[in-house]
Each structure stands twice: as C-alpha cells, then as structure tokens.
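S.K.: Spelled out, the chains give:
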Amino acid sequence: MRWKHLPALIALSNSMTEPELIEGILRRDRHAFQYLVTRYQKQVIKTACYFVGNMEDAEDLSQEIFLDIIHSLHTFKKSSSLSTWIYRITVNKSINMVKKQQRRGIMMRLESLFRLTTGQETGKEMEPSVSSDDFEQQEKRELLHAAISRLPENQRIAFILCKYEDQTYKQIAEIMKIGLPAVESLIHRARLNLQKHLTYHFSEYKKN
Amino acid sequence: MDCNQFKSNVFAFSEKTLEKDTYQAAEHHVSTCISCSRLLSEYKVLADIMEQEKNAGPNPFAATRILQRIENEFYKPKGLTSKAWMRVLQPVAITFALMTGILIGSYTARQDQTPVNKMASTSENIEFLRSNLFISDFADEDKLLVLNK
Ligand SMILES: [Zn+2]
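If you read the sequences in order, they're chains F and S. My numbering puts the first residue of the first sequence at 13, with every later residue one more than the last. My numbering puts the first residue of the second sequence at 477, with every later residue one more than the last.
These aren't lab readings, by the way, just hints derived from the structure by calculation. Incorrect hints may have been included.
To be verified - In silico SDA-like pairs for lysine to any residue, Cα to Cα no more than 20 Å straight-line:
(1) S:Lys-520 to F:Phe-147
(2) S:Lys-492 to F:Asp-178
(3) F:Lys-54 to S:Pro-534
(4) S:Lys-530 to F:Lys-111
(5) F:Lys-208 to S:Ser-513
(6) S:Lys-492 to F:His-200
(7) F:Lys-208 to S:Ala-488
(8) S:Lys-552 to F:Arg-39
(9) S:Lys-520 to F:Lys-54
(10) F:Lys-175 to S:Val-521
(11) S:Lys-483 to F:Leu-155
(12) F:Lys-111 to F:Arg-100
(13) F:Lys-152 to S:Ser-511
(14) S:Lys-530 to F:Leu-38
(15) S:Lys-520 to S:Ala-488
(16) S:Lys-492 to F:Leu-204
(17) F:Lys-152 to S:Asp-478
(18) F:Lys-152 to S:Lys-520
(19) S:Lys-552 to F:Asp-69
(20) F:Lys-208 to S:Ser-517
(21) F:Lys-208 to S:Lys-552
(22) F:Lys-152 to S:Glu-491
(23) S:Lys-483 to F:Phe-147
(24) S:Lys-520 to F:Ile-190
(25) F:Lys-54 to F:Arg-39
(26) F:Lys-152 to S:Lys-552
Given the structure is predicted, the values throughout are model-derived calculations rather than measurements.
Put together the whole structure using the sequences plus the hints.
M.R.: Structure, rendered in structure tokens:
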C-alpha cells in the first residue's frame with residue numbers, strides 16, 4: 013500500500029498553499045491528494061454525518077465526495093475559498109444520499125407493511141444495546157435528529173452549517189449561493205421550527 | 477416576560493444567542509418559574525448533545541480508506557474488472573451451452589431416424605448387446621421379440 017507512510021508525507025505536504033494544492037490535484041499528484049484528504053476529511057465526514065445521520069454512511073460517502081472533488085476541481089472558479097466549494101459539494105452529495113435513503117425507507121416500510129398484511133414474519137429489528145443510564149440521552153438524541161431531519165431542506169442546510177460547523181452567515185451564504193438576509197431568515201425559521209417540535213414533544217412527554 | 481414569551485425564546489436562550497435585554501428578561505423569568513426552568517433543562521440536555529456531536533471526530537482510518545479509493549481510481553491500471561469479465565463471459569458461456577445442446581440434439585435425432593429393422597434384424601445385434609451390457613443370458617422370449625420386430 014502506497015499510503016503507509018502517511019504521517020511523514022503529511023508533514024512533508026504541510027506547507028502547501030491553496031493554489032499549490034489545486035495545481036497539484038489537477039496534476040494528479042499524490043502529495044496533493046494526501047494533503048487534500050488530511051486537510052478536509054474531518055470537515056467532509058462530519059458535515060456528511062449531520063445529514064445522513066450516522067458515521068459509517070458518512071465515511072463511505074466521503075470517498076465519493078473526495079473523488080467528486082478531484083474530478084470536478086477544474087470547474088472550481090476561485091470566486092470562493094476551496095473550503096466553501098468543498099462544503100457545497102459535501103452538502104449536495106449528502107442531501108442526495110438522504111433522498112436515496114428516504115426512498116429506500118419508503119420502499120422498506122411498504123415491504124414490511126406488505127409482509128404484515130400477508131401475515132409473514134417481519135423478523136426482529138436489530139437494536140443497539142443501550143444501558144438504562146444512556147437510554148434517556150439516546151432518546152433525546154433521536155428526538156433532536158428527528159426534529160432536524162424534518163426541517164425543510166434549506167433550513168436544515170443553513171442550521172447544520174451554522175450550529176454544527178460554526179460557519180458564519182457570510183460563509184453559509186457563499187456555500188448555499190444565497191444572500192445574507194436569506195441565511196438569517198432560514199436559520200431563524202429553523203430555530204422556530206425546531207423549538208415548536210421539541211417543546212411540543214417535551215410537553216407531551218410530561219403529560220404521559 | 478411571561479411563560480409564553482419564554483417558551484418562544486427558549487431555544488435561542490439555551491444557545492445564548494438572544495439579544496442582551498431579552499436574555500436578561502428570560503433569565504429573570506426562568507429563575508422564578510418552575511415549569512419554564514424544567515423546559516430549559518430539557519433544552520440544555522439537547523445543547524450538550526449537540527456539543528458532544530460537534531466534538532466527535534471521524535474514524536482515524538477513514539483518511540487511509542479515502543486515499544486507497546483515490547489510489548484505485550487514479551493509479552491502478554484499468555483493465556477489465558472481474559465484474560466486467562463476468563459480463564463478457566456469461567453470454568459466451570450461455571451461447572456455448574445452447575449450441576452444444578442443439579448439436580447433441582440434432583445428432584441423436586439423426587441416429588433415431590435409422591430404420592428399426594436394420595438395428596435388430598439379426599442375432600448379431602443381440603450378441604452385441606449381450607457383450608456390451610454384460611447380460612449373460614437373454615431369455616428366449618426376449619430373443620424372439622427382438623427377432624420378430
Ligand atoms: Zn414560565
């Protein structure tokens with residue numbers, strides 16, 4: 013395997029500037045690829061994870077994202093930073109994956125419904141082993157993810173980039189190719205929608 | 477600030493993104509209202525969860541896997557992959573099997589068209605069958621049956 017001396021090579025390529033990196037990738041230079049991956053893997057995987065909902069899928073998806081970045085780098089206009097452009101690709105790919113997952117989810121629900129109505133065994137769902145201490149935390153985590161995934165697409169993108177990726181409104185505007193007031197409005201509406209969903213759940217929870 | 481006003485600001489309050497005046501009013505209300513302080517504690521748990529998720533890093537081997545994928549994409553010679561080979565070989569194998577079947581079928585059909593009397597008209601045939609099938613003794617009626625055909 014050619015990447016086994018990765019740490020040494022990373023140190024070697026630490027000094028790469030953005031134009032050097034872009035030029036290196038366009039030349040299909042290994043050091044440039046290594047620098048690209050070590051520099052942006054956390055950003056890509058974490059952002060993908062907030063959309064697709066689990067680290068395993070996010071890591072698989074990140075491979076596609078990096079290939080996409082390399083293949084389409086010649087279209088990068090340099091009007092924004094490379095990081096912004098990478099965020100844009102990551103968000104688009106992640107949203108597409110979520111749509112695929114949703115379609116698959118609908119098909120699976122239909123299939124299980126079919127099995128139920130035809131009296132076939134549905135089989136036991138795999139459940140992660142969660143201790144009772146973690147149970148409440150896990151429940152809240154799922155509630156939060158469900159609330160975020162219910163947000164309209166643009167609100168979800170803006171909220172995730174702001175809340176989880178600490179992107180400024182200006183950066184989000186560049187990533188989403190929209191104006192600053194639109195970003196402000198999206199994040200404000202996302203907060204209100206989340207609050208509505210969560211507060212409703214908490215009040216229902218108290219009643220039961 | 478009353479309970480409804482607090483509820484409509486609770487998320488921003490837990491995130492500390494409220495304007496200073498509103499924040500102070502909310503802070504004052506929550507210190508005197510049990511119901512709102514309960515609601516706030518729920519939001520604080522969510523804020524902690526979000527913070528944990530923000531700090532979670534990816535698998536340390538993820539980078540290696542990405543680089544391996546890049547290596548396969550850009551540096552490995554692109555011959556026919558096993559999948560591609562299968563796509564070529566499968567139809568060839570099926571065609572071969574079909575052709576063999578047709579050839580065997582037509583050959584045996586030709587054999588069947590040989591007149592029956594030619595096959596079993598003489599006692600030589602019986603001798604032949606006896607020696608080849610290791611049948612030691614044909615019954616006389618069998619012999620007659622074959623001979624009468
Ligand atoms: Zn109150």
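S.K.: Now tell me, hint by hint, if it's right for this structure.
M.R.: Outcome of the hint check:
no. : hint                   : result
1   : S:Lys-520 to F:Phe-147 : holds, 17 Å
2   : S:Lys-492 to F:Asp-178 : holds, 15 Å
3   : F:Lys-54 to S:Pro-534  : holds, 6 Å
4   : S:Lys-530 to F:Lys-111 : violated, 23 Å
5   : F:Lys-208 to S:Ser-513 : holds, 17 Å
6   : S:Lys-492 to F:His-200 : holds, 14 Å
7   : F:Lys-208 to S:Ala-488 : holds, 12 Å
8   : S:Lys-552 to F:Arg-39  : holds, 16 Å
9   : S:Lys-520 to F:Lys-54  : violated, 26 Å
10  : F:Lys-175 to S:Val-521 : holds, 15 Å
11  : S:Lys-483 to F:Leu-155 : holds, 18 Å
12  : F:Lys-111 to F:Arg-100 : holds, 17 Å
13  : F:Lys-152 to S:Ser-511 : holds, 19 Å
14  : S:Lys-530 to F:Leu-38  : violated, 32 Å
15  : S:Lys-520 to S:Ala-488 : holds, 11 Å
16  : S:Lys-492 to F:Leu-204 : holds, 15 Å
17  : F:Lys-152 to S:Asp-478 : violated, 26 Å
18  : F:Lys-152 to S:Lys-520 : holds, 11 Å
19  : S:Lys-552 to F:Asp-69  : violated, 25 Å
20  : F:Lys-208 to S:Ser-517 : holds, 16 Å
21  : F:Lys-208 to S:Lys-552 : violated, 53 Å
22  : F:Lys-152 to S:Glu-491 : holds, 17 Å
23  : S:Lys-483 to F:Phe-147 : violated, 26 Å
24  : S:Lys-520 to F:Ile-190 : violated, 31 Å
25  : F:Lys-54 to F:Arg-39   : violated, 24 Å
26  : F:Lys-152 to S:Lys-552 : violated, 46 Å
Of the numbered hints listed earlier, those contradicted by the structure are 4, 9, 14, 17, 19, 21, 23, 24, 25, 26.
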